[in-house]
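Which chain is which? The protein sequence lines are C and E, in order. Residue 40 is where the first sequence starts when you use my numbering, and the numbers rise one by one after that. Residue 23 is where the second sequence starts when you use my numbering, and the numbers rise one by one after that.
Certain hints may be false.
[Unchecked claim] Label-pair distances were calculated between CB atoms; the ranges are:
| id | chain 1 | residue 1 | chain 2 | residue 2 | range |
| --- | --- | --- | --- | --- | --- |
| 1 | E | Leu141 | C | Ala136 | 22 to 28 Å |
| 2 | E | Leu141 | C | Gln40 | 24 to 30 Å |
| 3 | C | Thr69 | E | Gln75 | 23 to 29 Å |
| 4 | C | Gln120 | E | Ser107 | 41 to 47 Å |
| 5 | C | Lys95 | E | Asp84 | 30 to 36 Å |
| 6 | C | Thr50 | E | Gln104 | 39 to 45 Å |
| 7 | C | Gln40 | E | Asp76 | 27 to 33 Å |
| 8 | E | Gly30 | C | Gly82 | 19 to 25 Å |
Please keep in mind that the hints were generated in silico from the structure rather than gathered at the bench. This one's a predicted model, so the numbers in the text were calculated from it and none came from an experiment. Positions of the beta carbon are idealized from the N, C-alpha and C atoms, including for glycine.
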Amino acid sequence: QTVVTQEPSLTVSPGGTVTLTCASSTGAVTSGYYPNWFQQKPGQAPRALIYSTNNKHSWTPARFSGSLLGGKAALTLSGVQPEDEAEYYCLLYYGGALVFGGGTKLTVL
Amino acid sequence: EVQLVESGGGLVQPGGSLRLSCAASGFTFSTYWMSWVRQAPGKGLEWVANIKQDGSQKDYVDSLKGRFTISRDNAKNSLYLQMNSLIAGDTAVYYCARGPAYCGGDCYSYFDSWGQGTLVTVSS
Numbered sequence: 040q041t042v043v044t045q046e047p048s049l050t051v052s053p054g055g056t057v058t059l060t061c062a063s064s065t066g067a068v069t070s071g072y073y074p075n076w077f078q079q080k081p082g083q084a085p086r087a088l089i090y091s092t093n094n095k096h097s098w099t100p101a102r103f104s105g106s107l108l109g110g111k112a113a114l115t116l117s118g119v120q121p122e123d124e125a126e127y128y129c130l131l132y133y134g135g136a137l138v139f140g141g142g143t144k145l146t147v148l
Numbered sequence: 023e024v025q026l027v028e029s030g031g032g033l034v035q036p037g038g039s040l041r042l043s044c045a046a047s048g049f050t051f052s053t054y055w056m057s058w059v060r061q062a063p064g065k066g067l068e069w070v071a072n073i074k075q076d077g078s079q080k081d082y083v084d085s086l087k088g089r090f091t092i093s094r095d096n097a098k099n100s101l102y103l104q105m106n107s108l109i110a111g112d113t114a115v116y117y118c119a120r121g122p123a124y125c126g127g128d129c130y131s132y133f134d135s136w137g138q139g140t141l142v143t144v145s146s
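For reference, chain E alone in the conformation it holds in the complex (with noise of 0.2 Å):
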């Protein structure tokens, strides 16, 4: 059974920095691409970045890149977000899902499985 559960998310004040985890089981980690959704409250998801299988490409939402940093550990099945100079506007739920996956011919699946979100409050 694929499993991803997320950790580190907390209160933290604006312009600190935090760093996410996600821990996967249930699949061969290291062949997947890997991704962080978040959602703030009372609202839609939103994408955040993705990485591919080795760590050599990384693609983030516009509006995030330089503050936010997705990696992963594929020795420890691990993926991480570090997360800094957070505003107010980061406040959310903040998910690790797996994919994209390629499935084939002209196909690709997003997200296919999900963590259960850890949430990230910014406030003084």
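Pulled out of the complex, with its shape left as it was, chain C reads as follows (with noise of 0.2 Å):
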């Protein structure tokens, strides 16, 4: 069974940057695995934020970027602002079938 591991929680102080990490337990990530991002608020459904490694949609402040980084797929935070507060799902893809990572909580404190 296919398992996508992420950092399950992550503190960073307002204006600070963070990255976000995605791993897969099969080897290395790579663009061909099309890493996804997602960002969730309490009660909201999940938004959009990165698809294919490190493109952003129309909405995706700047302040977020994708890369590949040591063989796992990263989520970047620069200028962390309070409202990025929220979990964070990465997506990997194997070949048809779909798999999220566990998700990171990001504190902003």
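Since each chain comes alone in its own frame, lean on the hints to assemble the complex.
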């Protein structure tokens, strides 16, 4: 069974920078896994942020960026805002099957 | 504006069945893959199934194959999820989501739009 692993929780100060990562139990994450990132706030539906590693949607704030880092997919927030406090999920493609990571709860403190 | 509105959730006994619907508007429904994603209470997201534009290809998470069936009616701009032999572990909010969508080159965008979800509770 394929497992996608994210940090369970991270804390960052307002204005700071934080990187969330997304690892695959099958090995290094590459662009062929089409990493996507989503943000979810309590009581709301998820919202798409990043697609295919590093592409932003039209509504994605500039402070969010995606990349591949050390064999993992990564989401970096630069200049974190209080409203960025949320759960973040990555999604990887496995040839017809899709697997979400367990999520990272980001606290802005 | 893209809108996805799910319906059909509710309380069902173990072993029962339920059919979820998703009404789409604000885009050309027949040109998009569509998907279902679920989220158990207090838990993470789980992809359930997706269906090609013309319904000719359907993919499911392995753990649900045989119990859940995804379908669509492009004339009605609607997506469906038939759920049979329900168990307590199927209790979740079920989201309808648009995508995957091919974005050129080596690029796919997944779930760029989501509905608000419909809650399915499996309990006696």
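Hint check for Ser107 of chain E and Gln120 of chain C - Cβ pair distance inside 41 to 47 Å: holds (45 Å)
Status of the given 27 to 33 Å range, CB of Asp76 of chain E versus CB of Gln40 of chain C: Once the Cβ atoms are compared, 31 Å apart, the range 27 to 33 Å for Asp76 of chain E and Gln40 of chain C holds.
Distance restraint hint 30 to 36 Å, applied to the beta-carbon atoms of Lys95 of chain C and Asp84 of chain E: Roughly 32 Å apart at Cβ, these two residues keep to the hinted range, so it holds.
Outcome of range test on Cβ distance (Thr69 of chain C, Gln75 of chain E; 23 to 29 Å): holds (27 Å)
Range hint compliance [Cβ, Leu141 of chain E to Gln40 of chain C, 24 to 30 Å]: holds (26 Å)
Verdict for Leu141 of chain E, Ala136 of chain C (Cβ pair) under range 22 to 28 Å: holds (25 Å)
Outcome for the supplied range 19 to 25 Å, where the beta carbon pair is Gly30 of chain E and Gly82 of chain C: holds (21 Å)
Gln104 of chain E and Thr50 of chain C - C-beta distance against the hinted 39 to 45 Å: holds (43 Å)
Checked against the numbered hints listed earlier, the structure breaks none of them; every hint is satisfied.
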